[in-house]
Amino acid sequence: MAHRRCLQSFVRHATALISLKKPPPLSTFEILTSKPNPVITPPNLEPSWFTPLSHFRHFSSSKSDDSENEEEVDESSDGEAENDEVAADLGRDYSPEEKEAEAAAIGYKVVGPLQRSDRVFKDYEPVFAVVQIGSHQFKVSNGDSIFTERLKFCEVNDKLILNKVLLLGSPTQTIIGRPILPDVAVHAVVEEHALDAKVIIFKKKRRKNYRRTKGHRQELTKLRITDIQGIEKPEIKTDGKPLKAAVKMPEKVATAA
Amino acid sequence: MTRIKRRRRTKISLFASSFRGAHSRLTRTITQQRIRALVSAHRDRDRKKRDFRRLWITRINAVIRGMGVSYSYSRLINNLYKKQLLLNRKILAQIAISNKNCLYMISNEIIK
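Protein chains in written order, with my numbering: chain A, 1 to 257; chain B, 258 to 369.
FYI, nobody ran anything at the bench for these hints, they're computed from the structure.
A hint or two may mislead.
The calculated BS3-like cross-link candidates involving lysine-lysine, where the alpha carbons are at most 30 Å apart (straight line), are [stated by the list, open to error]:
| # | chain 1 | residue 1 | chain 2 | residue 2 |
| --- | --- | --- | --- | --- |
| 1 | B | K305 | A | K204 |
| 2 | B | K306 | A | K222 |
| 3 | B | K262 | B | K306 |
| 4 | A | K208 | B | K305 |
| 5 | B | K268 | A | K204 |
| 6 | B | K357 | A | K205 |
| 7 | B | K306 | A | K214 |
| 8 | A | K233 | B | K357 |
| 9 | B | K339 | A | K122 |
| 10 | A | K214 | B | K305 |
| 11 | A | K152 | A | K122 |
Facing chain A, from chain B, some residues (calculated, C-beta under 7 Å) [as the list claims (entries may be wrong)]:
| # | residue |
| --- | --- |
| 12 | Q341 |
| 13 | L344 |
| 14 | Y361 |
Even glycine gets a Cβ: it sits at the ideal position worked out from N, Cα and C.
Construct the complete structure from the given sequences, taking the supplied hints into account.
Right, dumping it as structure tokens:
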């Protein structure tokens with residue numbers, strides 16, 4: 001992983017102590033409480049990219065990548081010789097917007113409209129989600145910024161919805177996806193498209209007069225997570241204080257007068 | 258001409274400017290140490306991926322063994338695969354150190 005990715009993803013706010021209480025019963029996925037409630041849900045979620053279940057390690061994202069590569073090969077024209085890299089396809093200007101949406105789904109994101117004067121940035125909420133983008137997983141919460149591989153089809157200040165969510169957690173609830181959670185949205189905004197710091201690839205064989213130097217900068221996208229939807233958020237009790245202050249002031253004035 | 262040698266060597270000595278002792282002062286040692294540093298960096302970039310995975314596994318193992326008498330990392334991973342969870346070890350380790358109870362809940366859920 002690159003320097004920037006390591007630093008950003010390891011900054012986390014301390015979570016509060018977990019006090020568990022009974023959540024309302026939800027049908028599509030498992031919720032955990034301290035008391036073993038018999039909320040039995042069908043474990044076989046079958047999204048479109050989840051091919052036949054096996055008890056081996058085939059359900060990881062690598063298999064879905066293989067099936068998607070096959071789809072791209074079938075749909076591309078015969079003019080392109082090699083279809084291994086999506087970068088080669090992007091140079092052909094994805095004119096049908098359906099292809100853009102498909103490729104976006106491959107990267108587990110849906111591009112929303114550009115934001116203008118939206119109030120998207122909220123205060124910190126002690127809720128986290130585990131999101132998968134490409135083959136990397138991130139534990140994110142509100143206000144975090146993460147560095148991912150360069151996401152195509154989205155520019156700066158685009159709103160994204162990350163739809164491959166594996167886990168949701170809050171001080172009161174934990175929701176586990178098997179393997180992903182449907183109806184959960186993690187909203188993010190593309191902050192910048194940047195290049196990573198340069199790494200020098202240096203190869204040397206001693207006594208054989210062989211040495212090669214190469215520089216490499218990885219293309220990254222910085223996302224800022226704005227919202228996590230799909231879990232009960234604990235309410236922060238800030239309403240009591242301003243009300244009390246407002247009530248006390250007229251009392252003091254009355255007693256003074 | 259001296260100035261060409263100096264130009265080349267200043268670039269190299271800039272790389273080694275934070276090295277200790279003669280490794281940042283003497284030109285011949287500077288070139289040698291720079292080469293060794295670059296080779297180590299290249300090799301360790303691959304090692305870093307392995308090292309972190311080992312660290313995560315150790316951390317998950319340590320936290321999971323606190324759950325029951327004969328519960329271990331290997332059983333956790335076996336159950337994860339059986340129940341088709343896609344959480345990877347990095348995330349499990351982060352959850353293990355940030356809130357253990359979440360990991361305990363996940364493992365209880367998986368055992369069933």
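So, going through the hints one by one against the coordinates:
no. : hint              : in the structure
1   : K305(B) / K204(A) : holds, 20 Å
2   : K306(B) / K222(A) : holds, 22 Å
3   : K262(B) / K306(B) : violated, 38 Å
4   : K208(A) / K305(B) : holds, 28 Å
5   : K268(B) / K204(A) : holds, 20 Å
6   : K357(B) / K205(A) : violated, 47 Å
7   : K306(B) / K214(A) : holds, 21 Å
8   : K233(A) / K357(B) : holds, 20 Å
9   : K339(B) / K122(A) : violated, 38 Å
10  : K214(A) / K305(B) : holds, 20 Å
11  : K152(A) / K122(A) : holds, 26 Å
12  : Q341              : holds, 5 Å
13  : L344              : holds, 6 Å
14  : Y361              : violated, 9 Å
The structure fails hints 3, 6, 9, 14 (numbered hints given earlier, in ascending order).
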